[in-house]
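These protein sequence lines are chains Y and V, in that order.
According to the numbering used here, the residues represented by the first sequence are 2 to 383, in order.
According to the numbering used here, the residues represented by the second sequence are 10 to 447, in order.
Hints are computed from structural coordinates only; laboratory data are not their basis.
No experiment lies behind these values; they were computed from the predicted model shown.
Heads up, a few of these hints could be off.
Claimed, not checked - Once the Cα atoms are required to be at most 35 Å apart in a straight line, the calculated DSBU-like pairs of lysine-lysine come out as:
id: 1; chain 1: V; residue 1: LYS359; chain 2: Y; residue 2: LYS41
id: 2; chain 1: V; residue 1: LYS42; chain 2: V; residue 2: LYS68
id: 3; chain 1: V; residue 1: LYS443; chain 2: Y; residue 2: LYS41
id: 4; chain 1: V; residue 1: LYS222; chain 2: V; residue 2: LYS426
id: 5; chain 1: V; residue 1: LYS443; chain 2: V; residue 2: LYS426
id: 6; chain 1: Y; residue 1: LYS109; chain 2: V; residue 2: LYS261
id: 7; chain 1: V; residue 1: LYS296; chain 2: V; residue 2: LYS359
id: 8; chain 1: Y; residue 1: LYS335; chain 2: V; residue 2: LYS296
id: 9; chain 1: Y; residue 1: LYS382; chain 2: V; residue 2: LYS45
id: 10; chain 1: Y; residue 1: LYS39; chain 2: Y; residue 2: LYS335
id: 11; chain 1: V; residue 1: LYS45; chain 2: Y; residue 2: LYS331
id: 12; chain 1: V; residue 1: LYS45; chain 2: Y; residue 2: LYS13
id: 13; chain 1: Y; residue 1: LYS210; chain 2: Y; residue 2: LYS251
id: 14; chain 1: Y; residue 1: LYS36; chain 2: V; residue 2: LYS42
id: 15; chain 1: V; residue 1: LYS359; chain 2: V; residue 2: LYS384
id: 16; chain 1: V; residue 1: LYS446; chain 2: V; residue 2: LYS435
id: 17; chain 1: V; residue 1: LYS125; chain 2: Y; residue 2: LYS113
id: 18; chain 1: V; residue 1: LYS446; chain 2: Y; residue 2: LYS39
id: 19; chain 1: V; residue 1: LYS125; chain 2: Y; residue 2: LYS36
id: 20; chain 1: V; residue 1: LYS304; chain 2: Y; residue 2: LYS111
id: 21; chain 1: V; residue 1: LYS435; chain 2: Y; residue 2: LYS123
To be verified - Calculated Cβ distances over 12 Å to all of chain V for the following chain Y residues:
id: 22; residue: ARG18
id: 23; residue: CYS189
id: 24; residue: LEU205
id: 25; residue: GLU217
id: 26; residue: ILE242
id: 27; residue: ILE295
id: 28; residue: GLU353
id: 29; residue: ASN380
To be verified - A short, non-exhaustive set of chain V residues, derived as facing chain Y with CB atoms under 10 Å:
id: 30; residue: ASP172
id: 31; residue: ILE438
id: 32; residue: PHE441
id: 33; residue: HIS445
Just so you know, even glycine gets a beta-carbon here, dropped at the ideal spot from N, CA and C.
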Amino acid sequence: MAFVSSGYNPEKPMENRITDIGPRHFEEFYPPAVKANKGKWLYHEILEPGVLVHVSETGDELYTVRTGGCRLMSVSHIREICEIADKHCGGYVRFTTRNNIEFMVDSKDKVKPLVDDLMSRKQDGGCYKFPVGGTGAGITNIIHTQGWIHCHTPATDASGPVKATMDVLFDDFRDMRLPAHLRVSLACCLNMCGAVHCSDIAILGYHRKPPMLDHEYLDKMCEIPLAIAACPTAAIKPSKIKLDNGTEVKSVAVNEERCMFCGNCYTMCPSMPLADDVGDGIVIMAGGKVSNRITAPKFSKVVVAFIPNEPPRWPKVTDTIKQIVEAYAKGANKYERLGEWAERIGWERFFEACELDFTHHLIDDFRDPAYYTWRQTSNFKF
Amino acid sequence: MAKHETPLLSQLETGPWPSFVSDIKREAESRAKNEKGIDYQIPVDACEDLLGVLELSYKHGRTHWKHGGIVGVFGYGGGVIGRYCDQPEQFPGVAHFHTMRVSQPAGKFYTTEYLKGLCDLWEFRGSGITNMHGSTGDIIFIGTTTPQLEEVFYELTHTFNQDLGGSGSNLRTPSDCVGQARCEFACYDTQAICHELTNYYQDELHRPAFPYKFKFKFDGCPNCCVASIARSDLSFIGTWRDEIRIDAEAVKAYVGGELKPNGGAHAGRDWGAFDIQKEVVDLCPTKCMRYADGKLEINNKECTRCMHCINVMPRALRIGNDRGVTILAGAKAPILDGAQMGTLIVPFMKAEAPYDDIKEKVIEPIWDWWMEEGKNRERLGELMKRQGLQRMIEVLGVDPDPRMVQEPRSNPYIFWKEDEVEGGWKRDINEFRKYHKR
Numbered sequence: 002m003a004f005v006s007s008g009y010n011p012e013k014p015m016e017n018r019i020t021d022i023g024p025r026h027f028e029e030f031y032p033p034a035v036k037a038n039k040g041k042w043l044y045h046e047i048l049e050p051g052v053l054v055h056v057s058e059t060g061d062e063l064y065t066v067r068t069g070g071c072r073l074m075s076v077s078h079i080r081e082i083c084e085i086a087d088k089h090c091g092g093y094v095r096f097t098t099r100n101n102i103e104f105m106v107d108s109k110d111k112v113k114p115l116v117d118d119l120m121s122r123k124q125d126g127g128c129y130k131f132p133v134g135g136t137g138a139g140i141t142n143i144i145h146t147q148g149w150i151h152c153h154t155p156a157t158d159a160s161g162p163v164k165a166t167m168d169v170l171f172d173d174f175r176d177m178r179l180p181a182h183l184r185v186s187l188a189c190c191l192n193m194c195g196a197v198h199c200s201d202i203a204i205l206g207y208h209r210k211p212p213m214l215d216h217e218y219l220d221k222m223c224e225i226p227l228a229i230a231a232c233p234t235a236a237i238k239p240s241k242i243k244l245d246n247g248t249e250v251k252s253v254a255v256n257e258e259r260c261m262f263c264g265n266c267y268t269m270c271p272s273m274p275l276a277d278d279v280g281d282g283i284v285i286m287a288g289g290k291v292s293n294r295i296t297a298p299k300f301s302k303v304v305v306a307f308i309p310n311e312p313p314r315w316p317k318v319t320d321t322i323k324q325i326v327e328a329y330a331k332g333a334n335k336y337e338r339l340g341e342w343a344e345r346i347g348w349e350r351f352f353e354a355c356e357l358d359f360t361h362h363l364i365d366d367f368r369d370p371a372y373y374t375w376r377q378t379s380n381f382k383f
Numbered sequence: 010m011a012k013h014e015t016p017l018l019s020q021l022e023t024g025p026w027p028s029f030v031s032d033i034k035r036e037a038e039s040r041a042k043n044e045k046g047i048d049y050q051i052p053v054d055a056c057e058d059l060l061g062v063l064e065l066s067y068k069h070g071r072t073h074w075k076h077g078g079i080v081g082v083f084g085y086g087g088g089v090i091g092r093y094c095d096q097p098e099q100f101p102g103v104a105h106f107h108t109m110r111v112s113q114p115a116g117k118f119y120t121t122e123y124l125k126g127l128c129d130l131w132e133f134r135g136s137g138i139t140n141m142h143g144s145t146g147d148i149i150f151i152g153t154t155t156p157q158l159e160e161v162f163y164e165l166t167h168t169f170n171q172d173l174g175g176s177g178s179n180l181r182t183p184s185d186c187v188g189q190a191r192c193e194f195a196c197y198d199t200q201a202i203c204h205e206l207t208n209y210y211q212d213e214l215h216r217p218a219f220p221y222k223f224k225f226k227f228d229g230c231p232n233c234c235v236a237s238i239a240r241s242d243l244s245f246i247g248t249w250r251d252e253i254r255i256d257a258e259a260v261k262a263y264v265g266g267e268l269k270p271n272g273g274a275h276a277g278r279d280w281g282a283f284d285i286q287k288e289v290v291d292l293c294p295t296k297c298m299r300y301a302d303g304k305l306e307i308n309n310k311e312c313t314r315c316m317h318c319i320n321v322m323p324r325a326l327r328i329g330n331d332r333g334v335t336i337l338a339g340a341k342a343p344i345l346d347g348a349q350m351g352t353l354i355v356p357f358m359k360a361e362a363p364y365d366d367i368k369e370k371v372i373e374p375i376w377d378w379w380m381e382e383g384k385n386r387e388r389l390g391e392l393m394k395r396q397g398l399q400r401m402i403e404v405l406g407v408d409p410d411p412r413m414v415q416e417p418r419s420n421p422y423i424f425w426k427e428d429e430v431e432g433g434w435k436r437d438i439n440e441f442r443k444y445h446k447r
């Protein structure tokens, strides 16, 4: 492997440097039917799971075939996407806000060959490369994060649990039998990169042990006041520590009774790691949404306080999610999102319907707003 | 022959959903074979070592990436997420494994020519692994070494006319829904404003100057397909302020069963024949609709534009013609103070190029305030909680509006400004005592 220069000269780093040019202009990438009909669309239909048609006031039609994508993907896979787009779609393709892939064609007769081609492509292990689906009242792709593939603060993996969950929910990716669309998301720690706080069902990596303190290095590695300010429950204070060799160093002390394992101090200070094989696991949340349809956007609520990490397939997590999906599918009215259903029947009924335990962990105790989540009424169901 | 045994990860190659493990293995094989004779600029076995370190994490139940990492390109303060493996001897291929964020085109439409070019670059100078896309919107190149960062950046800017995205305490990469490009609900051109503001604020995006991160997202309508209300500090949601357009004939076609409700979104189950009273009129949150004698009426003055009726009958009901955006501020994830959704600050504003009102009357006054008053690592939403929505209203120079609250306050701890109160606050106790003995 010999170094090959791009033309960049490290001796003169600012020479020929181009900056602040931003992204490419979107119009360079519009398929002709999009360019011609932008802003003129009249209506759409979902012809079958994964296949949409949009009809323009000019009479033009645009057919979209949506396929699952695993977000984390190789250049070989992207090249295969390109090969398909070249073969069927005139060299155009797009990605959705949930990391699905959309292939667009301008006439109905091009749809079936495209769908057949997509569904025929499999990896050696047998999985689909491009399963068609993700439309309407079903379950689409899982918004997720980095996990153990690239991040330093996770309490669980992302790609693995997502694959395990989508395998279990796969029929609902390919179907539209639910009362409304159901959004699943995952974040591997409570920084909640992505959509965990606002999804119908959310998978959240969680720690259960306070940080370990690397006293010898802490003051060398960390801006101590930032670590102190990072704590939502003020469990961290400055302290002086005598090391085994007798030297006194500046460090911090953690009041373990006040620590709820959020990991934010570790984000700020490398000397406070907290990951743990048996302590870490998964919290399940439910009932969030972002659309304003009928009811206002909602936060998801914690409904399972802890499920252990069980790589590689996280069976208890996927079983629990399946249980919630089936209870919702059975109980909710048409158009009702999971959170709307839970609020209508009451959370006490939600736990019963989903056969989930209610434990003390689920009762809010974070500052003043916690009070408003308790029940100040005699209206409840036995 | 794989370099590392991966018995746990290999179990994720079965099942119907696309397997990231199979895909990474395929890339590892492609690099090992190197049929194109590429002079790989980072270790050829980077993908094998990535699987190796991930397998170790599956075994240990813990991440094997060291804390943090500060790398980048000259001229910018962000765009690259440094990362180093904590077992570099065992997995030298990922000893350095930095992520580069590449600014995506609005709407995420691509030509294959462009994507193939990026693939060639990343195969040559990186691991060949990507995220399509990061949650904020960027194209993510996962895994390269420090010496390659400037080389990749040089190629991106010189060959691809393409910049990096944002990271750090700055304006992050804005993103948008598909908008008018392929949606009849879009109330403004989400791509046009996303592109314009991304370019207009390049300096704020590439060189961190803020107390903390700041995000823009653009949703064409209140369905919020890019989730701006939950995932951006400033959320732009398309809306209209005149009447929903009703096509009476199409309404009849829905009632008659010729058209499928919700574009056929519920076709996987038998929900019975479409019942306009039950599925639309009765579910309207403001009950401002009436269906009688085969005619649908909407009292638009009472409509809150939730989109439900339009979503159910897209061929019969259309958004109004007097369109603009509603702007909400302060959404964030839980750390530190708790999660927030966007709070309504501007009920309606026109969104037309060059968007001067949005820049000068909304974005820049908010930045001026937050950049001065925001504490270290305090998101806009937290500053709003600390200093109050009233302060935001002052900053925007607008009058308080009942649309900005869900309900009025119930506690009576009301602040008054001294000049609002007759006689001011400077009083003499001796004057008081003349009338009130001790």
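Now the hints, each set against the structure:
no., hint, in the structure
1, V:LYS359 to Y:LYS41, "holds (19 Å)"
2, V:LYS42 to V:LYS68, "holds (29 Å)"
3, V:LYS443 to Y:LYS41, "violated (77 Å)"
4, V:LYS222 to V:LYS426, "holds (32 Å)"
5, V:LYS443 to V:LYS426, "holds (27 Å)"
6, Y:LYS109 to V:LYS261, "holds (26 Å)"
7, V:LYS296 to V:LYS359, "holds (28 Å)"
8, Y:LYS335 to V:LYS296, "holds (18 Å)"
9, Y:LYS382 to V:LYS45, "violated (68 Å)"
10, Y:LYS39 to Y:LYS335, "holds (32 Å)"
11, V:LYS45 to Y:LYS331, "violated (54 Å)"
12, V:LYS45 to Y:LYS13, "holds (32 Å)"
13, Y:LYS210 to Y:LYS251, "holds (23 Å)"
14, Y:LYS36 to V:LYS42, "violated (41 Å)"
15, V:LYS359 to V:LYS384, "holds (32 Å)"
16, V:LYS446 to V:LYS435, "holds (20 Å)"
17, V:LYS125 to Y:LYS113, "holds (26 Å)"
18, V:LYS446 to Y:LYS39, "violated (79 Å)"
19, V:LYS125 to Y:LYS36, "holds (22 Å)"
20, V:LYS304 to Y:LYS111, "violated (39 Å)"
21, V:LYS435 to Y:LYS123, "violated (80 Å)"
22, ARG18, "violated (6 Å)"
23, CYS189, "violated (9 Å)"
24, LEU205, "violated (10 Å)"
25, GLU217, "holds (15 Å)"
26, ILE242, "holds (20 Å)"
27, ILE295, "violated (5 Å)"
28, GLU353, "holds (23 Å)"
29, ASN380, "holds (20 Å)"
30, ASP172, "holds (5 Å)"
31, ILE438, "violated (35 Å)"
32, PHE441, "violated (36 Å)"
33, HIS445, "violated (37 Å)"
This entry does not satisfy hints 3, 9, 11, 14, 18, 20, 21, 22, 23, 24, 27, 31, 32, 33, going by the numbered hints stated previously.
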